[in-house]
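Taken in order, these protein sequences are the chains called A, B, C, D and E. Under the numbering used here, the first residue of the first sequence carries the number 449, and numbering increases by one thereafter. Under the numbering used here, the first residue of the second sequence carries the number 228, and numbering increases by one thereafter. Under the numbering used here, the first residue of the third sequence carries the number 167, and numbering increases by one thereafter. Under the numbering used here, the first residue of the fourth sequence carries the number 1145, and numbering increases by one thereafter. Under the numbering used here, the first residue of the fifth sequence carries the number 380, and numbering increases by one thereafter.
These aren't lab readings, by the way, just hints derived from the structure by calculation. Idealized CB from N, CA, C, for every residue including glycine. There may be inaccurate statements among the hints.
What follows is a set of in silico ranges between Cβ atoms, one per label pair, in the way DEER data are often shown [claimed, not checked]:
(1) A:Lys589 - C:Thr291: 54 to 60 angstroms
(2) D:Leu1156 - A:Phe906: 30 to 36 angstroms
(3) D:Leu1156 - A:Val891: 16 to 22 angstroms
(4) D:Ile1548 - B:Leu769: 34 to 40 angstroms
Single-letter residue listing:
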Amino acid sequence: MNAIILSALLGVVMMFSSILTENRTIIRNIAIAGLLILLIGNLLNTYTVYSFNIDSHNMLRFDKFGLFFNSIAIASTLLYAILSGSDVVKVGNYPAESFALIFFALCGVAILSSYNTLLMLFLGIEIMSIPLYILTGSDKKNLKSNEASLKYFLMGCFSTGILLMGITLLYGASGNFNIESVHSTSNAVTTSYNYGILAPLGLILIFISMCFKVSAAPFHFWTPDVYDGAPSVFTSFMATIVKAAGFIAFIKLFSIRMADLGPSSSIILSTIIIATLLVGNITAVFQQSVKRMLAYSSIAQAGFMLFALYGNNDLSSEGILLYSAAYSIATIGIFAILIKMKDYTFDGYNGLAKKQPLVAAANTVFLLSLAGIPLTAGFFAKYYMLASALKSNGHAVLWLVIVAVLFAAVSVYYYFRVIQAMYFKEGEAETTEISSKFKAGLVVMAILIILIGINPSFLLNWFYF
Amino acid sequence: MNKIVYLVPLFPLIGFLINGLGRKSLSKSLIGIIGSATVLASFIVSLVLFFDVKAHGASIVDYFNFINVDSLKVSFAFQIDALSSLFLLIITGVGFLIHVYSTAYMIDEEPQHYGRYFAYLNLFIFSMLLLVMGANYVIMFIGWEGVGLCSYLLIGFWFKNDNFNYAAKKAFVMNRIGDLGFLLALFWLIQKLGTANYADVFAHASSLSSFDVTAITILLFVGAMGKSAQIPLYTWLPDAMAGPTPVSALIHAATMVTAGIYMIARSNVLYSMSEVTMNLVAIIGLATALFSATIALKQNDIKKVLAYSTVSQLGYMFLGLGVGAYTGAVFHVMTHAFFKALLFLAAGSVIHAMHHEQDIRKMGGLKKHLPITHITFLLGCIAISGIPPFSGFFSKDEILAAAFAKNPIYWGLGVAGAAMTAFYMFRLYATTFLGTFRGTHDQEHHLHESPAAMTIPLIILALLSVIGGFVGVPEILGGHHELRSFLSPVITTEVEHHIEHSTEYLLMGISVAVAAIAIIFAINKFSKKPELAEATGFGKVLSNKWYVDELYDTVFVRTTLAKGKFLKNIIEKNIIDGAVNGVGKLVNYSSRQLRLIQSGLVSGYILFMVLAIIVVVLIWVNDGYIYKFFSTLF
Amino acid sequence: MSATQIIFWFLSALALVSALMVLLSKNPVHSVLWLISVFFAISGHYILLNAQFLAIVNLIVYAGAIMVLFLFVIMLMNLNKDMEPQKNMWMKLAGAISGGCLLMILVSLVRQATEIGGKVAEMKTGNIGLIGNLGKVLFNEYVVPFEISSVLFLSAMVGAIVIGKKD
Amino acid sequence: MIPVLLILIPLLSGLVTFFLKDEKAAKSWSLLSSVITLAVVFSGLFIYDHNSESNFNAAWLPALGSSFSLSLDGMGKMLTLLTAISFPVVFASTYKNSYKESGSFYGLMLLTQAGLMGVFVAADALLFYFFWELALIPVYFLCSIWGGEKRIAVTFKFFIYTFIGSLLMLAGILYLYFQTPDHSFAIKSLYSLHLSVKDQNIIFWLFFIAFAIKMPIFPFHTWQPDTYEQSPTAVTMILSGVMVKMGIFAVIRWLLPIFPDAVAHFSTIIIIFSIIGMIYASLIAIQQDDIKRLIAYSSIAHIGLMCAAIFAHNRIGLEGVLIQMFNHGINVIGLWIVADVIEQQLGTRKLSELGGLAQKAPVLAILLVVMALANIALPLTNAFVGEFLMFNGLFQYNVWFAAIAGISIILAAVYTLNMVQKIFYGNTVSITANAVDAKNNVQWILIVLVVVVLLLGVYPQPLINLTKDTVNIILVNR
Amino acid sequence: MPIQYYIILSLALFCIGIVGVLVRRNVIIVFMCVELMLNAVNLLLVAFSKMHHGIAVVNDKATTVGTDAQLFVFFIMVVAAAEVSVGLAIIVMMYRNTHSVDVNFLNRLKN
């Protein structure tokens, strides 16, 4: 509860701070301080200190998993604010409002990590999404930003409609909005129709809408355009924290309800996983802009994260946390560097290693992590995903794992194009000014990634603490 | 006596190391002395061993485990018995003479190349000694490849000349083809008997099936074909004449090329068990003898004639082996070593005198300029022609008699070959030494007899060529054939042929008479009017060696190269690498196509979503049949 | 056929026809008006189902506020003409067909759904739709989502300002 | 403790090297470090040759069932010895070469060494996978930064190719992990697995493709010639001398004992492919004009034989493979050193542009000839024993396979002698007219290698004894 | 009325909304069609609410079953209102920049 209330309050504080000051640095610092408070509040909540004791009538349930994810999301946002905060306040004329919207979105994230009824799921998604529509369009003079915002908004509303229809059908079948399945103790599943028709149909629609939110193919179409069109700082936020929150919501619901779909659930899921991996990885190969490549790569990463649904065991819940952390840190880092680049194409990175060796090295670590190379956090993230799938399904899922690793190899292709540009090609990579604080931040993040990569329990021990 | 066995190969090895490492610092004379002395030392030790064997019989000296894996134990061991001690004497004895000869022959070389030459020569002696001393097939194989290497190095000694290099490479590669056969035979033995030691192999040979024996012996024979230049692997030997002449004498006449005979004689136990192989060996040997003799008829290079003669004589030896006359073959190895080394060295003396001119059409009348060379060469020619009582007569006769006993046709063809041998040898002799000098004035002016270092070995070898045959005088001529009794512990499966004495006399008479007629004919024909024009008609086919080289070039060399080119340019580049790159291109292509779906139109996106919803619902409606289908796939 | 049924069928037909007309009208203003007609039909259904609170809210919020906002924007943009550029025929066809297919599949599935076979919706009775009952529940059990939706409004407000304000 | 040192010394000194700006310092430091590693290996072989010293176990990821456990058996000792020898040899023989940003170059080299050592000592599948990748990534950077003209594309192909393989292996490792009763990656648990035949037949390929790409065997080899050609020679030496052994090592350590049925089931097909590769690579080698490519194809042919002999799956063949791994490493490094000397001095690697070098560089000529002879497995060079045993093993498996594979020893003679002839024999040409003999450091290194070649050729038994225990484990586990 | 009728009615409205989103190019009308979809959902929710209430009320006169669905409808309306305010702001912004309300007019982001 701390996180939800604090983030809403801090959003209001940010709104007011715009009245009090026009100085963007101060606004940024207020935001960072706010995030710090938020993080502390959430950590306190994790270790049973409730600042706000409100009976939500079982609409929200705060478990360790959700709270821990919250911490990851808030900490990631904190890192994001530290690294890219100065860029956030440069976008548009409303620096404080941008941060306010980020706080509101975080409120949605917190709801999504703790919802216990479909109503809260719906509200959480909306609270998270609406600020994003706005942030996407916040570069008002930029037609790309306009376009992205419009597309995001229209498709987002459409998927909300699908979600609501799903919820309604589910309600029609069960008479309540609880996420727990009333059938969860029933006998062995033999046909898909065991649970009637309305409930599975509703679940399918919810499933599709969630797929849309986490940009799983073929519901991913908004992702490249929106990520590309949105101001880069906000793409960074959307592609990491928001996306991870979408996954948490997805998993929270479907780790319980997936079985209600009957035996076809795994074929539906694997179809979607393969489609996502295919679209994400293959399309990323031909991109010329690093930003757009990252958009497609985020689709590809979503394909891996979907494995958590397949596994649905302790490994998958640990894994999705690890994945969120690894993916968020790496992507925030890459975007932070991207924002500093004058030219977003691959060629724009040519020769960066000569001009900014430290930045290039950190960027390499982030890219290696995204590619899932051992000794980086990304490796264990992918490892957990595949392991969780293998653990519960064994033999039948092996082919899916093989397909996944082959696509992981494809992903190396486009991630390493950036490395090649930085290290092996001659060129004058132009950047805006890079402060030493920024570099220090990058180094810290790179070290974090390597630490998790050497020993993931570094992160996961917190989970069990 | 066992304690000194290791000295035999050790001396040449030391010589190799000293000459090899010190070739830049040592003086030429020192190099020559070291090179020759080490071989002489080996010879002396060999003599001691020889008499020891004669007195006390064979012995095996085991030094260390060379390879010891599981049940396979190959030890580095030497076996000194009658056969090997005889070969030791031939190798070190003839080898020593040739070393001495070389000190003079190669004197014009730069010091470091001079040193290199002697190092190679010593290394060769070392390898050859390993070959014959080894107590198992593996050690024999080590020597076997070692002599091949030295042959390669020495043929290509003058490495500035690319033709010589090609000849060297050809020799090595052809030998390797044979070596593969040897190796396979070796594996076969090891698989069946679990050992490669002669003693064990022969002791357990009877446990081998007849198929195994045939396979093993044929494969071994393939090895012998390569090393001893038998059809079809003979073409390297004439080309090997690119090396310095003493090398031709030592390696390509007296010692290395007889390794095949040594091997088969050594394995006589196995060979005698397979009639098929014996016949094959005889037929190949005979064919080689005749075939190369025909080629020798029309060659104009003094060394080429001798080379083909060597091939032909080796064919005789295999004929002898094939008909079971192992002793005869070994006997012929010995006598051949004497007279062929002599002939080569004498030829070398001629070439030396002629300033490296080798074409006999530009010689003639050398009799008066090179008296010692002339006499010794003549003696060699008589010996090879098989005129009694020269050494060649006894050895060749023994083979022919055995061939007759086996099959009179073998004998008939053998005699025809002998006639050709006599003919081309005396064609060579007459063209070179008789008549008038046909070279340039400059050459004539410089004609001179070779120095003593060259003539003394000639004389010694001539002596041996003359008397060498008396160790194997057959009983019908009143001898005891001491060689046979000496070798009998090793060659246990000698075929005893029983021919009427009268028949045998008749056979001898015929072969001698045929040879004599050929000699007289040749001298008459060529001493006055040597054949100077290019051959025409069938003669051209012969002088072009039946076009075998061309045939091989087309059939094997070019196709191999073409295959390589094909594989490199077509298969590798387009198919295999093409497939690998094709996957990359496919990904790239599908990337370009797939991104077109991302049309930028919201309604298009939503249409895809709606279709996907329909598909997902349909999959669900399908009640998991698709799932079941996939799960049965694995 | 009882009066309830007659009203039901009438309202349903009205809703469907009006919805179709939303699509088919070329003039955006007409579309808005047809949509308002749909909302009225739906509100009628609510009344039929005795959900009076929702019926009123629907009229006030949707027909009253939201649609007026729409109308306002259309007028602002001066779009009350047939000015929509012609869309690709194929796209229209594909859209109609796929929408139809989806409807067909969903309806056929629903018709097979045995778990709701024979169940009926209570008409005209039941008091849960009354404002008093709803209010009690809303401010007791549903106070958390209620408060949380204020965050939604806040952010929508901020958004409308950030986006809509002319710089 | 020995295996830990073997990884730590190069790892830490490699990290230090990154910060050495001075070229001389970087060189000397890395040479020193590699010599120390060599000394540690020797001490492990001769002084601290106890079980307790060659095994190490520490907790790493207990939750995942993986531990940081290392162990040195005979094969591991031999290959760590090879690795430890290779690096000082490479550093010393290329001491005179200069690299831009040499600190990074040597740092990455040492990291590679750490990775290689790790691969050879890892006794835990996940750890093995880690080191497997750790060895790959520095090489990727080494080749891409310091390589030839087409380095980026070529190295990238190499990287992706091997990476696909290792990812498949990862999937296989994971699958095996869930099959173990105690959910563990430890090699012991994997060895005691009794997989169903169906499982084996699938997972076998996941592992084998990874190893086949690494070795590489036909038809997975096309990355290799390009990569060898484009990499800086120092890296090529490591790649072909040590890195390809990773593949063979892994087949022996991780494939044979775990999938006995699949090995029996697929051995024929794999041997056939290996043999096709041998002949194929040999024929192509004959046609090569570039020294590096020639050696690369020659290496493919040799590796093909090793692979075939492994799958012949008998003691003699396996023993042959084990000692040949070492011998091939030594020999091929020797060949590369000569190739590097020629390229550094004359600026070309084209055989058609060379000739007559023996007159100018007699010492180099002799040393190369010895190396070349070892390459064609002449008796009394080290390679003979290995090839003899391998062909023997193959022969025991199938006569015809051995006979056909044997053709490659003829072809090997053709291309190797061709190379020797075209470089050294004949008359000098304009490029070689002013050539001089190899520098002292190269000469001495080569002499050392030649001595090793001959010593092991005459007395190979120490290597055989060293690896005997491994063969026992591999064959008994069946 | 049988619940099936309501389901089919609202599914029909829902799908008409979807078709509208697909076939219209005027972004305002597209948006209106989305609203139509939401209303279809609302109708169905209310119908289900009454269905469940009707079932429960047989046993317990004072049951509040079904209230939650009606409140859900309320929240949907709340959210829809918020969405409309943001959505129309975005549309107005786009119109200001491009003077077009064609949903496909802005098409720079693709491929």
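Tested hints:
no.: 1; hint: A:Lys589 - C:Thr291: 54 to 60 angstroms; verdict: holds (58 angstroms)
no.: 2; hint: D:Leu1156 - A:Phe906: 30 to 36 angstroms; verdict: violated (21 angstroms)
no.: 3; hint: D:Leu1156 - A:Val891: 16 to 22 angstroms; verdict: holds (20 angstroms)
no.: 4; hint: D:Ile1548 - B:Leu769: 34 to 40 angstroms; verdict: holds (37 angstroms)
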